[in-house]
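*Asks:* Top to bottom, those sequences are chains W and S.
Using the working numbering, you'd call the opening residue of the first sequence number 22 and step up by one each time.
Using the working numbering, you'd call the opening residue of the second sequence number 22 and step up by one each time.
By construction, these hints were calculated from the structure, which means they are not laboratory data.
Please note that the accuracy of each hint is not assured.
No copy labels: a pair is met if it fits in one copy or bridges any two.
[Claimed, not checked] Below, simulated BS3-like cross-link-like pairs (lysine-lysine); rule was C-alpha separation at most 27 Å, straight line: (1) K112 - K80; (2) K185 - K60; (3) K185 - K243; (4) K150 - K80; (5) K216 - K112; (6) K60 - K80; (7) K216 - K80; (8) K143 - K112; (9) K216 - K150; (10) K150 - K60; (11) K216 - K243; (12) K216 - K60; (13) K243 - K80; (14) K185 - K112.
Protein chains: 2
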Amino acid sequence: MDQIKERIGQAAASIVEDGMVIGLGTGSTAAYFIQALAKRVDVEGLTIVTVASSHTSEKLARELGLSFVSMDAIDMIDITFDGADEIDPQKQMIKGAGGALLKEKILAYASRELVIMVDSSKCVDTLGKAKVPVEVVQFGHHLTQAHLSSLATSCTMRTRGDGKPFITESQHFIYDLLVESPINSPALLDQQLRKIPGVVETGLFYNIAGRIFIGYNDGTVKLLS
Amino acid sequence: MDQIKERIGQAAASIVEDGMVIGLGTGSTAAYFIQALAKRVDVEGLTIVTVASSHTSEKLARELGLSFVSMDAIDMIDITFDGADEIDPQKQMIKGAGGALLKEKILAYASRELVIMVDSSKCVDTLGKAKVPVEVVQFGHHLTQAHLSSLATSCTMRTRGDGKPFITESQHFIYDLLVESPINSPALLDQQLRKIPGVVETGLFYNIAGRIFIGYNDGTVKLLS
Numbered sequence: 022m023d024q025i026k027e028r029i030g031q032a033a034a035s036i037v038e039d040g041m042v043i044g045l046g047t048g049s050t051a052a053y054f055i056q057a058l059a060k061r062v063d064v065e066g067l068t069i070v071t072v073a074s075s076h077t078s079e080k081l082a083r084e085l086g087l088s089f090v091s092m093d094a095i096d097m098i099d100i101t102f103d104g105a106d107e108i109d110p111q112k113q114m115i116k117g118a119g120g121a122l123l124k125e126k127i128l129a130y131a132s133r134e135l136v137i138m139v140d141s142s143k144c145v146d147t148l149g150k151a152k153v154p155v156e157v158v159q160f161g162h163h164l165t166q167a168h169l170s171s172l173a174t175s176c177t178m179r180t181r182g183d184g185k186p187f188i189t190e191s192q193h194f195i196y197d198l199l200v201e202s203p204i205n206s207p208a209l210l211d212q213q214l215r216k217i218p219g220v221v222e223t224g225l226f227y228n229i230a231g232r233i234f235i236g237y238n239d240g241t242v243k244l245l246s
Numbered sequence: 022m023d024q025i026k027e028r029i030g031q032a033a034a035s036i037v038e039d040g041m042v043i044g045l046g047t048g049s050t051a052a053y054f055i056q057a058l059a060k061r062v063d064v065e066g067l068t069i070v071t072v073a074s075s076h077t078s079e080k081l082a083r084e085l086g087l088s089f090v091s092m093d094a095i096d097m098i099d100i101t102f103d104g105a106d107e108i109d110p111q112k113q114m115i116k117g118a119g120g121a122l123l124k125e126k127i128l129a130y131a132s133r134e135l136v137i138m139v140d141s142s143k144c145v146d147t148l149g150k151a152k153v154p155v156e157v158v159q160f161g162h163h164l165t166q167a168h169l170s171s172l173a174t175s176c177t178m179r180t181r182g183d184g185k186p187f188i189t190e191s192q193h194f195i196y197d198l199l200v201e202s203p204i205n206s207p208a209l210l211d212q213q214l215r216k217i218p219g220v221v222e223t224g225l226f227y228n229i230a231g232r233i234f235i236g237y238n239d240g241t242v243k244l245l246s
């Protein structure tokens, strides 16, 4: 699987052009993309600038010598490259298993294009086998959970290895929702979830993805425009 | 004006019943309500419990000896008493001039009833003269502002007296939006604002208010059911 993800990251990095502002997603495939991008910068001397959706990706980018700026310094991202937990034929997605959904969506929304990098196991006919992460403010979170639960078959707070609540980089909690599969309209579900006070962001992404790189077990990577 | 607000607070406190869980709003009228409630508890020996939408209201409640619990300790609020910046005949409101809109909405949404206390100057035919506060995560906030601006005629970051950004109790920024007056559909505007990644909450409240106490310059307080 690592080899597949490495190839996806390399294929995706190949479309970066000189002078671009690049948004860095978060996750294992995004990490391979960052490595491949750093190699291209080294070898070809590309002048690019990166911003990141997490401290993890920022750290990796800095270690690899990529030019890195804070979000405050840019007005527009050319392409953000990111992974997904599930993606359907309409390019609707569930994201956020890594906990960076809020920053990932802010980056995506600020980008001319969001390029998605997935292995073929993430491609589904309809969304809903993966849990939908929902980022929630800490104040009154169990009341928010009660409202979330009315829209889900299960709704559990994400915890760290030590059992304590997982806290996002923006100091929020995450609840993972299993909803009645399949999710026929991610847009409607997203709207219902957003109406609940305390909900900051959902892992439902739609009407946003551009090109998709899909890696297969035979080692090939296909580009879906 | 203070005398009017005091009378509104007293009138509102009169509907509190023994045994209730009470949500405390934030603002000058809410402060008078808290004082009147504490007086009733003192004089009548009511057994009530309070939760608050801000540290300011929590501090006042504690100082006045009201029984206070954290939001984590309760499942449901009987009545939340709060003010509003503008309210129209359909009980649609703009709230958040005090910066507590997020917690106020979480309290309201967890309450059997939201009772609103306003002086008559806050009653308008249509919303939109007051600015609509929007609570926004700090990460990439100027990108969020750019998206907010596309829905507003002006969109300015709220600052403190010293010119630094106003930061909410949940560590977010607030942008104050002046939108094309009047706001024909607060629900639609709320939905459009919420779709923007980085938006945590808006000051548009609708389909949520129960009874309204309105204070007039002649010293009368009317109750709108």
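*Asks:* Which of the listed hints are broken here?
*Replies:* Hint check: 1, 2, 3, 4, 7, 10, 11, 12, 13 and 14 fail, others pass.
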